[in-house]
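Dock chain B against the given chain A, drawing on the hints supplied.
Protein chains: 2
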Amino acid sequence: MATDATGESAGTADAYAELVERFERINGVQGAAGVLGWDQQVMMPEGGTPARSKQLSVLSSLSHEMLTDDETADLLDAAAEADLDDEQAAQLREMRREFERADAVPTALVEEISETSTEALGAWEQARAEDDFEQFAPYLEKLVDLKRQYAEHIDPDRDAYEVLFEDYEPCLPLEQAEEILETLKETLVPMIDEIRASDADVTTDAFAGEFPEDGQEELSRDVLTTLGYDWERGRLDPSTHPFTSGNVYDCRVTTRYDETDPLGGLMATVHEFGHAFYNLGLPEDHFGTPLGESRDLSVHESQSRLWENHVGRSPAFWELVTPKFAEYFDSDASAREAFESANQVYEDNLIRVEADELTYHLHIVIRFEIERALISGDLDVEDVPTVWNDKYEQYLGIRPETDTEGCLQDIHWSHGNFGYFPTYSLGSVMASQLFNAAEDDIGNIYGKVREGDFEDLQTWLREEIHQHGARYETNELVREATGEDFTADYFVDYVRSKYGDLYDLEESV
Amino acid sequence: MATDATGESAGTADAYAELVERFERINGVQGAAGVLGWDQQVMMPEGGTPARSKQLSVLSSLSHEMLTDDETADLLDAAAEADLDDEQAAQLREMRREFERADAVPTALVEEISETSTEALGAWEQARAEDDFEQFAPYLEKLVDLKRQYAEHIDPDRDAYEVLFEDYEPCLPLEQAEEILETLKETLVPMIDEIRASDADVTTDAFAGEFPEDGQEELSRDVLTTLGYDWERGRLDPSTHPFTSGNVYDCRVTTRYDETDPLGGLMATVHEFGHAFYNLGLPEDHFGTPLGESRDLSVHESQSRLWENHVGRSPAFWELVTPKFAEYFDSDASAREAFESANQVYEDNLIRVEADELTYHLHIVIRFEIERALISGDLDVEDVPTVWNDKYEQYLGIRPETDTEGCLQDIHWSHGNFGYFPTYSLGSVMASQLFNAAEDDIGNIYGKVREGDFEDLQTWLREEIHQHGARYETNELVREATGEDFTADYFVDYVRSKYGDLYDLEESV
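Line by line, the protein sequences are chains A and B. All residue numbers for the first sequence refer to full-length UniProt numbering, where the first residue is 1 and numbers rise by one. All residue numbers for the second sequence refer to full-length UniProt numbering, where the first residue is 1 and numbers rise by one.
One chain only, chain A, in its complex shape:
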């Protein structure tokens, strides 16, 4: 009996070890695909597409096969019987989630979605160029239908949008996300109204003029070094759309340079730094396993937004950085002018990626409401442009005159990514709560920012967030880090205080 029991226990422990090895192999393939993706966007000559597409599709199908193999299922069942510690249990939880998600959806459907997305991307590009939603509509309709099928394979008993949302944010209930977005809407719509009515004298043109690309690159490198980017494990390159790619050993950022918009590029650099700094702080011990991965998109975005908004858009940061502007460019803006320009609330911006920190979230709320209604069937694809424009008028007081500036502006739906947008706002909200807790623990963060001393903030984020990898689910991670449940309260306080000061708003707003 004793022998049998020992034998069985050893067997289940072996199953756990085998699983870890199997997921490390899968991660090796996915990591390779990540490098290929980075290369494709940053280095690859344009002719390279046919070979690259083939390579990426082979790697994707190999990792899918390895993940959904019957043996994975057997090992997961066997390991569940093993005597696991908390960390191992968390590891197994993440493994099972990945497996179940991948296993539930037939390969044929995954391929159909992928092929339809490729066609939809082409149609979207053309529709956008020609300001003609009609051209994109049939593809959007097909993607909505395919994604409903996709959700049904995963769980036929739940709201399809809820299931889709989990692809990007698996450990935060949609209901909670919805409440937070509702709070943002209720807070920001009247606040933006009042800002528009304000006659406060906010500088808007500190970054007017020509800012040569060379200087912008030097500035980005300088700021990355100042924030604490580890160049031995990273690099900076330009790309059309800034992004971050990599792991704890090698995590690279990209940014963009527009000679008339040095702020856009610099804020992109700071934003991507936040993403990279997270990945570079993940637990090396668990490299290559689900436990060694970052938590999902809201948490990742909380890191980029914390650095972009709470650091990069603060008066203290501009006291630190304005002298660098004078060094790299012919610029005589004061720190206060730069701060104000970096935080101005735009009157008539229709484009999400060019939005300020406040209006940004109404761009998200609009997309969230529309895609939920699309997936539930409450909204027909043909009505999207009208509903889009009505909502912009209602929430932001501006109405797009073209679909190119309206519902065709973002690439996401052409990828079939329904449920992705909310994570952007959730990240901002979480960033506020985390920054507040860090300030409670550290004290006088902005005094240190002014001196270019980021060490305490770096350490706090590493210890409270990064080093845990995927050990905790989102709500637990926030609770462990801040001592409180995930809440929008700190974000509301933050924007009321910051924009109240900037625009001399009534205290009631």
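Rather than coming from a laboratory, the hints here were simulated on the basis of the structure. Even glycine gets a Cβ: it sits at the ideal position worked out from N, Cα and C. Hints are not guaranteed to be accurate.
Stated by the list, open to error - Partner residues aside, some chain A positions facing chain B, computed with beta carbon under 7 angstroms: (1) R25; (2) R233; (3) G234.
Claimed, not checked - Listing some non-contacts, in silico: residues in chain A with all C-beta distances to chain B over 10 angstroms: (4) C171; (5) P385; (6) D504.
Just chain B, lined up with the frame of chain A:
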């Protein structure tokens, strides 16, 4: 009966189609590994090694598993029964060769060689830095032993070195390679003696001075464009060791810049152009299959050497390029002076990679003789330094004073690459024969080179070599392209004529 026969034929045709698909998948994985390798040498931050090693090792074991799978063997057997045309038969021949090679050697031995190589590389680096062969000797001994075992698994009845040689040059008999190397030795040893005794006034210092890196990069880009490099399917970057990586859609070159040696960098660029131009001319229709690959190392090296030596070291090339030197640098060398400097035979160079076009081959002959004797057991590892130095004295009239400048100079043996070196010289010899045939077909190539007109030569190489992929084996490819068997005659004529003129040699040499 008729139905059965048809059914069987369809089955075997299916087997062929399945094989092609399987090899395309394998190629996708290997292509991905190629991109990762390029990135590692050109872009990766130094800290990235642990993740990259893991990714590469997973891809390597996956492609090995896919290749040696029982199903591959079954499909190969089934496809052999199919009614294949010549091209398909060549495809199957290449597939079978890859499979048999990979299948013959136990995975454990492959892994042991790989691990020993990693240790040996570290030991070699340290031994070389400290000029202490003793530190490297035990690793070299182990690698010799492991590689003997490796060869025995593949074919216990044949000479082990012959088997190892086939890893780099599978379709050229070693005996033939040996004869060619013997001819080189017999030709070059007395010729170099006479050059040393010559009192011809050859310019040696046309490239003395400082040549800033920026200008060298511009020059390399300019020359690549002039030679016909397709920038939409390639890129140029600096790396420690110049190399070429990629496929018909995306083939990239690297070069090196040393401010006191602009010739070294430019010749590396031209050499790598030759490799890249080959890959970029491979048949797109067969992309991803063995038939769509380049022929092996001798043929590949013939392409780089043809461009480097027959084009890049010709008087015509220097008439074309010397004005560019004046444009990018403060240089007033004449075309003739530049040509002479680029072709001078060094008196006392001990280092293979810095050798001129003549002494180069004696560096190769020495390595070939030593590694053959090591593998056969006729030479003990401990005696390598002495034998090395004796041979340098005997063939080149110079004796290394240190092992760092002697038998520790090259990295190849620390990788366990025995049998690789000969392909360098075979490539040069083949280049001469191909260039001679191209001249016969085209006429006045150097007149066109002088004008920067490379079109006819490009077309000839594409049609005679590149477009065939791996369709023909090496000897057949040479015969198809030149109408003659592979021979060293043209190389001997070429060096006698060129260096005879340059150094006023007796006609008998």
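| task | Say whether it holds or is violated: P385 of chain A keeps its Cβ farther than 10 angstroms from all Cβ of chain B. | result | It holds; P385 of chain A is separated from chain B by about 37 angstroms at its closest Cβ, greater than 10 angstroms.
| field | Satisfaction of the R233 of chain A interface hint, Cβ to chain B closer than 7 angstroms | value | Holds. Min distance 4 angstroms.
| field | Beyond 10 angstroms from every chain B Cβ - status for C171 of chain A | value | For C171 of chain A, whose nearest Cβ neighbour in chain B is about 25 angstroms away, the distance exceeds 10 angstroms, so it holds.
| query | Would the hint on R25 of chain A stand, with a C-beta cut-off of 7 angstroms toward chain B? | reply | holds (5 angstroms)
| task | Grab the minimum beta-carbon distance between D504 of chain A and chain B and tell me whether it stays above 10 angstroms. | result | holds (47 angstroms)
| Restraint satisfaction for G234 of chain A [CB to CB of chain B, less than 7 angstroms] | Holds - the Cβ of G234 of chain A comes within 7 angstroms of chain B, reaching about 6 angstroms at its closest.
In summary, this structure violates none of the numbered hints.
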